[in-house]
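Chemist: Keeping their order, the protein sequence lines are chains A and B.
Residue numbers for the first sequence follow the working numbering, beginning at 1 and rising by one.
Residue numbers for the second sequence follow the working numbering, beginning at 111 and rising by one.
Keep in mind that a hint or two might mislead.
Per the computed footprint, the stretches of chain A lying under chain B, defined by three or more beta-carbons under 8 Å from a beta-carbon of chain B, are [as the list claims (entries may be wrong)]:
#1 55-61
#2 70-78
Residues from chain B shown here face chain A by an in silico Cβ test under 7 Å; the list is partial [as the list claims (entries may be wrong)]:
#3 Tyr158
#4 Ala160
#5 Thr165
#6 Tyr174
I should point out that these hints are in silico values taken from the structure, not numbers from a laboratory.
On a predicted model such as this, the values are computed, not experimentally measured, just so you know.
Using N, Cα and C, we set each Cβ at its ideal position, and we do this for glycine too.
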Amino acid sequence: GQSLEQPSEVTAVEGAIVQINCTYQTSGFYGLSWYQQHDGGAPTFLSYNGLDGLEETGRFSSFLSRSDSYGYLLLQELQMKDSASYFCAVRPTGFQKLVFGTGTRLLVSP
Amino acid sequence: NAGVTQTPKFQVLKTGQSMTLQCAQDMNHNSMYWYRQDPGMGLRLIYYSASEGTTDKGEVPNGYNVSRLNKREFSLRLESAAPSQTSVYFCASTLTGGGYTFGSGTRLTVV
């Protein structure tokens with residue numbers, strides 16, 4: 001089976017940098033994805049790591065290390081609008097489905 | 111493009127009633143999914159359809175049925191609603207298994 005663990009909540013101030021970790025136990029997967037969800041909204045796709053290493057998309061970066069069973073989402077130059085929940089997710093090998101982590105609520109304060 | 115469209119957006123059911131949640135995508139995606147989201151539980155997969163003509167159970171399929179009507183449409187049916195099925199339901203789709211596109215959700219309350 002698959003299990004993805006994230007911290008339940010992270011707080012930071014505007015302009016800061018924050019890292020949201022995702023540790024997983026899975027027998028195999030194609031890649032690690034990240035999604036953002038604002039309160040009352042739908043999840044939206046942020047990034048995907050198919051290979052180990054860092055992927056950068058504007059203020060957001062995502063990292064994967066398969067050997068450490070670990071990934072993270074890095075948010076730079078935090079803005080109030082970044083306050084949301086963030087989910088990591090994997091697609092298990094041989095399956096056409098996403099399994100989501102427990103989610104991290106990010107609170108950005110002025 | 112509309113993306114993924116879910117109907118209805120809100121619904122209140124009495125215990126034992128049935129209903130069908132509708133989902134349609136206009137992105138020519140192959141795979142479609144139904145998730146439920148409960149407070150503190152994240153997103154849990156109910157059923158999915160990897161391609162037209164196929165459906166598979168996810169993590170929490172009990173009490174639900176699905177139909178992949180065609181490539182565009184994937185419906186979720188509750189035959190006899192229970193209070194435990196009070197949740198927010200999201201439909202999603204993807205072309206190749208990369209980024210998923212989600213609908214805006216259906217907020218269902220069973221009383």
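Chemist: It remains to establish, for every hint, whether it holds in the given structure.
Modeler: Hints versus structure:
1. 55-61: violated (count 0)
2. 70-78: That given contact is violated, which follows from only 0 residues of the segment 70-78 of chain A lying within Cβ reach (below 8 Å) of chain B.
3. Tyr158: Holds. Min distance 5 Å.
4. Ala160: 4 Å, holds
5. Thr165: 11 Å, violated
6. Tyr174: 15 Å, violated
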